[in-house]
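In the order they appear, the protein sequences are chains A and B.
Numbering follows this note's numbering, in which position 176 of the first sequence is assigned residue number 176; successive positions increment by one, without gaps.
Numbering follows this note's numbering, in which position 246 of the second sequence is assigned residue number 1246; successive positions increment by one, without gaps.
Incorrect hints may have been included.
To be verified - If we take Cβ atoms under 7 Å as the criterion, some of the chain A residues that face chain B in the derived model are:
| id | residue |
| --- | --- |
| 1 | N168 |
| 2 | H179 |
| 3 | V180 |
| 4 | L183 |
| 5 | T184 |
| 6 | P192 |
| 7 | S265 |
| 8 | W269 |
To be verified - No more than 20 Å apart at the CA atoms, straight line, and that leaves these computed lysine to any residue pairs for SDA-like:
| id | chain 1 | residue 1 | chain 2 | residue 2 |
| --- | --- | --- | --- | --- |
| 9 | B | K1184 | B | D1247 |
| 10 | A | K176 | B | F1066 |
| 11 | A | K176 | B | R1065 |
Unchecked claim - Far from chain B, some chain A residues (derived; all Cβ distances over 12 Å):
| id | residue |
| --- | --- |
| 12 | G88 |
| 13 | A133 |
| 14 | F137 |
| 15 | L139 |
| 16 | R165 |
| 17 | F172 |
| 18 | S200 |
By construction, these hints were calculated from the structure, which means they are not laboratory data.
Because the structure is a prediction, the values reported are computed rather than measured.
Backbone N, C-alpha and C fix where the C-beta goes; we use that ideal spot for every residue, glycine too.
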Amino acid sequence: MELTRLKKRSTASNPTRLTLPNNGMIGWLLIAAVVIGFLLVWEHASQTRMISRLFYPPPSVIAQTLSKWFTTTEWQEILLPTLRRLAGGFVFGMLIGYVGGLFIGYSATLYRYADPILSFIHPMPKIALLPLALVVFGLGDTPHRIVIGLAAFFPMVINTTAGVRAINPNYFAIGKVYHVRPLTVFRRVLIPGSLPSVVSGLRLSFNSSFVITIAIELNSARDGLGHVVWLAWETMRTEYLFAGVFLIALIGVIATSILRYLHRSILRWQT
Amino acid sequence: MGIVCERVGYTYALPRGKSLTTLQNISFSVATGEFVALVGPSGCGKSTLLKLMADLLPVTEGAIRFTDAGSNRLQVGMVFQQFGVYPWLNVLDNVLIGLESYSISLAEKRERAYETIKSVHLSGFESAYPHQLSGGMQQRVNIARALVSQAPILLMDEPFGSLDAQTRLLMQEELMMIWESERKTVVYVTHDIDEALLLSDRVLVMSHRPGIIKADITVPISRPRHLNDIDNPTVRELRWQIWNLLDLKNDLPPQTQHG
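In isolation and in its complexed conformation, chain A is listed as follows (with noise of 0.2 Å):
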């Protein structure tokens, strides 16, 4: 996180704002010595046993563990599974979430009637339906794609709503002023005026998908990430578990900055 607002302030178009000079790259070696100075420090220290080897593999270890998961076809049971379960739930639930949303933000009637049984389920956390999922659905994937997209269905519905509410009446009088066609205002006011309210939407329906998505794993998944680093614990293959865990942090980091761009890039507009 750090590191990427360290890299968009010095990219900022705005001089005036109080910066160090040239900080960007100056931050950027400053960070990339911390982490290399760090991990040669538990190289040597989990090599000489100083810590424990068990608990805290050396870094080349966890790197090796990588390595060998993407040179052989280890990572279509690791990897590959979990953004299947991720992409299958999130896209799902967020699409719905938002297509409900701007229905629910647009119609006083359908808000009224909406409103309260959302903000009664929202706050709950998604997993304790997994169990109802698994009666309901039965085995399989099915459940577990069902509750990953409540989970990112839910924040998206509910930023959407807000974001179409929060729209100045202005903005649908100047329409009903001209005669403007109601698909013209859901194309040209709904839709752009909602969406810095949808764009931070996505991002926490990302978020709450994906912890859900690795929650499932942990517990009652046969493959996928969160099953990995389960069963590292388990079997006491930390490398795993500690090149699971990477992995993990990794699709959260890669997901943050791929939405961040699209905010950056869709909304130009603001300021």
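Please arrange chain B on chain A, whose structure you already have, making use of the hints.
Below, chain B alone, put in the same frame as chain A:
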């Protein structure tokens, strides 16, 4: 096209069966090509009256009619004080909204929009976004949209209220020039007495709770006007007459009077 308001009232429902009357028994007419200013303290319902004319709110009492209704596609164009330009659309697209209901080719729409943008001195800014423009320029976009729509009636809700004093004068002067050349029927809401006197043929003075029209004053300045035309004894006296009519002192909340 002119406007006739006959005993117009506006009452809206509050929760628990209560209701609030913000306008009562408002009758006046605006002739075709006339510039009328509505002046009143904040909260007197002048913006509500404008919204009723624009059909943005339903008239709950009386009626509003347009006279000499021609074959115009749109009857009213509106200029808001704030949130009048879409921040996510560039200047051209913002202006084009005024032509959304016209069934003419996009090329023709763009041509008309370019022309109107030129007439409000924004040429070259067609692809700029509102956040890149000053407040005055944003209001030019707002006005351009109303002009391009070719609506014969222009409803303006304190269009220059949030501009700095110098920009406001400049915009007032330009609005006068636009009005001279287009002769639209204008209803102009403001709480600035000088602005009302400078721009309008008639000033309607309103008071509040519920809003009524207290006076209908004809401004004795010939056209075309200039910014210094309001700087003469007759108009200055008129200004104080309106000020007294507004009776702002008696509008202070009771606790202030007692305290």
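Status of the hints after comparison with the structure:
| no. | hint | result |
| --- | --- | --- |
| 1 | N168 | holds, 4 Å |
| 2 | H179 | holds, 4 Å |
| 3 | V180 | holds, 4 Å |
| 4 | L183 | violated, 11 Å |
| 5 | T184 | holds, 6 Å |
| 6 | P192 | holds, 4 Å |
| 7 | S265 | violated, 13 Å |
| 8 | W269 | holds, 5 Å |
| 9 | B/K1184 / B/D1247 | violated, 31 Å |
| 10 | A/K176 / B/F1066 | holds, 18 Å |
| 11 | A/K176 / B/R1065 | holds, 18 Å |
| 12 | G88 | holds, 32 Å |
| 13 | A133 | holds, 39 Å |
| 14 | F137 | holds, 41 Å |
| 15 | L139 | holds, 47 Å |
| 16 | R165 | holds, 15 Å |
| 17 | F172 | violated, 9 Å |
| 18 | S200 | holds, 16 Å |
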